[in-house]
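Let's have the full structure, built from the sequences with the hints guiding it.
2 protein chains.
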Amino acid sequence: MGQKIVIIGGVAAGPKAACHAKRLMPDAEITILDQDSLISYGGCGIPYYVSGDVNDEDELRKTSFHMTRDASFFENAKGVSVRTRTRALSINRKEKSVEVINLDTEEKDSVPYDKLVIATGSQPFVLPIPGADLEGVYTISDLHKAIAIKKGLARGEIGKAVVIGGGAIGLEMAEAFADLWGVETSVVEFMPQLLPRIVDAHFADMVKKHMKEAGVNIYTGEGAQSIEADESGKACRVVTPNRSLEADVVVMAAGVRPRSQLAQEAGLLVSPFGIVVNERLQTSDPDIYAAGDCIESINLVTGKKMLAPMGSLANREGRVLAANLAGIPKTFPGVVGSFIMKAFDCCIGATGISLETALAEGFDADAALTAPSDRAHFFPTETKIPLQLIFDRTTRRVLGVQGFGPMGDAVLARINPAAALIAKGGTIDDFSLMELAYAPPFSTAIDALNAAANVADNLAAGRQRNISIADFLAWTDNPSSQPNWVALDIRHPNEVGPFQEKFGSIWHTIPYNEIRRRHEEIPRDKTIIIICDAGTRSYEIQVFLDSIGISDTKDLGGGFNCISRLEVDWWPKK
Amino acid sequence: MGQKIVIIGGVAAGPKAACHAKRLMPDAEITILDQDSLISYGGCGIPYYVSGDVNDEDELRKTSFHMTRDASFFENAKGVSVRTRTRALSINRKEKSVEVINLDTEEKDSVPYDKLVIATGSQPFVLPIPGADLEGVYTISDLHKAIAIKKGLARGEIGKAVVIGGGAIGLEMAEAFADLWGVETSVVEFMPQLLPRIVDAHFADMVKKHMKEAGVNIYTGEGAQSIEADESGKACRVVTPNRSLEADVVVMAAGVRPRSQLAQEAGLLVSPFGIVVNERLQTSDPDIYAAGDCIESINLVTGKKMLAPMGSLANREGRVLAANLAGIPKTFPGVVGSFIMKAFDCCIGATGISLETALAEGFDADAALTAPSDRAHFFPTETKIPLQLIFDRTTRRVLGVQGFGPMGDAVLARINPAAALIAKGGTIDDFSLMELAYAPPFSTAIDALNAAANVADNLAAGRQRNISIADFLAWTDNPSSQPNWVALDIRHPNEVGPFQEKFGSIWHTIPYNEIRRRHEEIPRDKTIIIICDAGTRSYEIQVFLDSIGISDTKDLGGGFNCISRLEVDWWPKK
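Top to bottom, those sequences are chains U and B. Each residue of the first sequence is one higher than the last, beginning at 71 in this note's numbering. Each residue of the second sequence is one higher than the last, beginning at 71 in this note's numbering.
For the record, the hints were derived by calculation from the structure and aren't laboratory data.
No copy labels: a pair is met if it fits in one copy or bridges any two.
Keeping only pairs whose Cα atoms sit at most 25 angstroms apart, straight-line, the calculated SDA-like set for lysine to any residue is:
{"no.": "1", "residue 1": "Lys132", "residue 2": "Glu452"}
{"no.": "2", "residue 1": "Lys132", "residue 2": "Arg586"}
{"no.": "3", "residue 1": "Lys374", "residue 2": "Asp500"}
{"no.": "4", "residue 1": "Lys215", "residue 2": "Phe414"}
Below, the structure is given as structure tokens:
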């Protein structure tokens with residue numbers, strides 16, 4: 071027989087590494103150890119199992135050809151041994167063995183290895199608040215908990231749900247409760263926005279508005295302080311500084327932490343972000359590799375270390391790791407942080423870093439916010455998709471892209487190419503010329519992503535000067551907070567009525583195609599905010615006004631197509 | 071005033087260059103000349119106008135904010151002058167002027183320039199066959215012809231249509247006739263496949279099968295020899311070597327040629343692919359620029375010169391050209407050839423070059439044909455999308471990608487990132503690690519495009535050895551044509567019955583997960599074709615068989631998920 075490879079962890083990176091390694095080295099003796107009875111499941115599918123989109127938990131453990139990935143499947147089909155309900159207690163690096171215990175029989179055992187792989191994943195972070203350990207409080211960490219929640223739903227025991235945490239898993243779980251089961255669902259997020267650190271606030275707020283309209287209560291900037299129990303000792307209430315929310319079930323989705331204790335106890339180099347590995351996914355012990363949620367990753371945009379817990383990365387890493395086990399020197403250079411999420415009838419996606427992160431990291435960053443059409447404007451299913459491109463003014467490097475659109479693959483079709491080029495250090499010019507495929511049913515002649523890059527080009531060159539969404543909303547919420555400004559609304563006269571009514575004399579209106587002959591109506595002693603639907607015409611007008619000496623102007627990037635997707639008090643009711 | 075810029079051509083590159091240049095140089099005096107009365111229209115939308123998806127031709131000339139892009143729009147909104155019905159007769163480079171004629175008044179005039187832009191586009195190639203000039207024979211070259219065809223449809227004068235040419239425009243027109251209008255439609259293509267030089271034959275054949283099922287008659291490998299007239303002199307019949315097709319309308323969609331005569335007569339450097347320009351889109355006269363369908367492009371994969379007539383490229387080039395007019399040194403490095411097309415309920419996309427082209431160009435090329443899921447297999451809308459990645463074995467560079475799927479943006483979401491990386495010289499490893507966004511409603515943990523790259527990696531390393539679709543179909547169409555082979559069908563026993571019935575003793579079957587214990591049933595003196603649904607399990611079995619000394623095996627890449635999308639005589643009827 072060939073070398074003995076032992077893999078600790080049987081969910082994503084572990085099985086991927088095992089199977090690829092077995093194909094590269096058919097004579098290797100490969101064993102996966104996992105403390106759970108269920109292995110190799112699609113953990114990211116849990117919300118869709120809870121929602122009912124996926125009927126049976128078994129579906130999450132099946133291959134695309136409908137075989138269940140259990141121990142006997144790995145044995146028979148893959149030639150890989152699996153020991154379930156087997157917890158790794160410690161690693162003996164000197165003897166090159168893993169000490170294990172069988173959780174059913176409590177028998178202990180020593181499993182020798184030539185090469186060891188640690189793929190222990192992550193564990194949910196449990197907030198240190200009173201009641202966090204009550205019955206009825208669930209983390210979304212394994213299939214067993216998902217099965218328990220779904221049983222409760224099916225039995226009609228859950229009328230109200232509270233989700234603590236407005237990240238991706240929290241929001242997917244909120245949709246699962248609210249959409250098919252009609253559960254009254256609330257999301258509590260400590261940070262002032264949903265999806266913190268993933269997208270910028272205005273994109274998060276588009277998701278918030280949409281989910282609220284779909285019936286989910288969302289409370290941002292409001293942390294859970296405690297979870298209270300009913301007489302039977304079961305969680306029944308989540309308390310925040312502002313309110314008390316009744317709950318038949320509480321989901322704690324407050325992020326994850328790398329499961330790196332075993333590695334640490336074995337003396338391997340471990341950081342707060344996880345097990346430290348080199349580009350070949352080798353730990354500080356050359357005979358021990360690691361992959362998946364438990365490792366420290368490198369962000370390819372910032373160069374900083376980070377935790378990147380994603381099933382897709384775990385799989386890609388597993389394949390690279392296996393190659394290295396087999397002596398093929400592949401590398402995993404790092405992560406850009408691609409993200410996509412369904413939220414009821416909408417979709418939000420991102421890749422790279424947000425503007426907020428970019429500024430915090432010291433980039434000379436700015437954002438081109440746009441609202442282009444996802445396909446030819448004359449095509450029946452056309453929609454506007456707010457799309458933001460974050461860039462560095464000095465280097466012109468693209469740092470990130472965010473998109474919000476209807477449920478479907480239109481946003482994905484822009485996030486994916488952005489991710490590809492951001493990982494390669496792509497610039498504004500690369501994005502402007504990117505040859506995205508074109509036909510009217512799929513895109514516009516200048517694709518949405520090209521158009522966002524062109525706006526970035528204009529901003530970086532100083533030809534375009536925008537007002538941020540935050541400033542615009544502050545100014546319009548309280549027009550006198552900022553002295554001496556007027557709006558110049560260049561849309562069709564039919565569209566401006568409600569705004570003139572609301573804002574009175576500060577709301578000037580001259581249609582886009584009349585400004586060249588009516589520009590003398592524009593006050594020259596005010597800051598002028600130029601407004602259109604998408605932020606494209608307003609830029610053209612800004613350039614024209616510059617050319618005639620009216621230069622104290624700001625465009626509303628993304629225009630009213632973005633503003634209308636946010637919760638804005640003064641927005642006309644339909 | 072600033073410099074005088076004259077632009078010949080007012081459809082795509084011309085208006086884009088004009089408007090961007092005006093914004094960069096507000097004092098420039100910019101004039102567009104066009105011989106047509108209608109300008110700045112979405113020519114690629116013509117099939118959707120004819121089909122009825124777009125009601126009014128005016129929609130193709132409107133902006134996304136519903137203004138018609140006519141001469142007065144350019145004048146008022148853009149500050150750009152347009153002279154329609156004005157044909158450029160010649161360029162006087164010494165005097166720096168364009169000699170023009172007004173087609174209505176027949177008045178001649180001389181228009182001086184400081185910088186000239188040639189954006190004369192392309193003209194349809196008219197096959198030199200008898201009857202090509204008959205009434206009722208249309209090219210899809212301008213809106214007027216489209217309006218005439220649609221009038222005929224609306225009046226009920228068109229019951230039968232023949233389209234000559236099975237490229238993108240031909241097929242889009244065929245769908246337009248057949249889908250909404252119920253016209254009996256035939257497509258005649260001289261080459262042995264549809265979409266020649268755009269995709270490989272088996273992808274073209276998926277489109278062919280789907281369009282035939284939707285009711286379009288398709289005759290490939292069969293050129294139109296003549297068009298015959300009825301008594302009134304109107305086209306009524308298209309004759310091929312094999313048949314005679316009645317037609318109330320004939321569309322000639324046999325490709326386009328660059329409209330470069332004016333440039334050539336002015337002594338500018340012109341090749342058969344169009345006007346020769348440098349990376350800054352400057353012709354051999356430094357005061358004359360050119361962009362759009364009329365220029366020679368460079369293919370970024372092959373390095374060869376080519377014609378690349380696409381509205382999307384024309385727009386991107388127009389922007390680069392305008393920057394250079396304004397003294398901003400931007401470059402347009404070349405073209406990868408991204409393509410996407412709707413065909414009834416399906417979609418086909420491609421980028422880079424086909425395997426056929428790659429082999430002809432001398433690459434050490436191979437193709438990884440796969441049929442992965444477009445999203446998590448447990449998600450309700452999941453579909454298999456045949457996806458092919460063409461690569462060079464020696465350099466491991468990715469040369470092209472092709473995809474076929476249901477109508478929607480799933481294929482686009484893989485073609486776009488492929489285009490981004492192919493333009494940058496991306497390798498198999500870049501594609502394998504590309505961080506495509508993942509969530510179950512949008513993708514699989516190992517995205518379809520990553521998976522195709524992993525197959526390419528296996529092929530390039532020699533671990534995987536495939537049989538081509540063409541060979542497989544030849545062998546199965548006539549099993550005795552190839553001596554001494556057997557099929558090893560490793561799918562579920564429920565699936566193999568009809569094939570065993572059809573092929574008898576050459577059709578061996580052992581389920582995938584039983585092969586490790588039943589491999590002694592496999593004949594060792596035959597060539598073994600391993601068959602599954604997607605080509606993934608068959609690869610695993612190939613590796614296993616190699617390890618036990620059975621090495622005369624070939625995988626059916628893409629598996630039956632690809633074969634079932636082709637016209638195959640022996641395929642079981644439903």
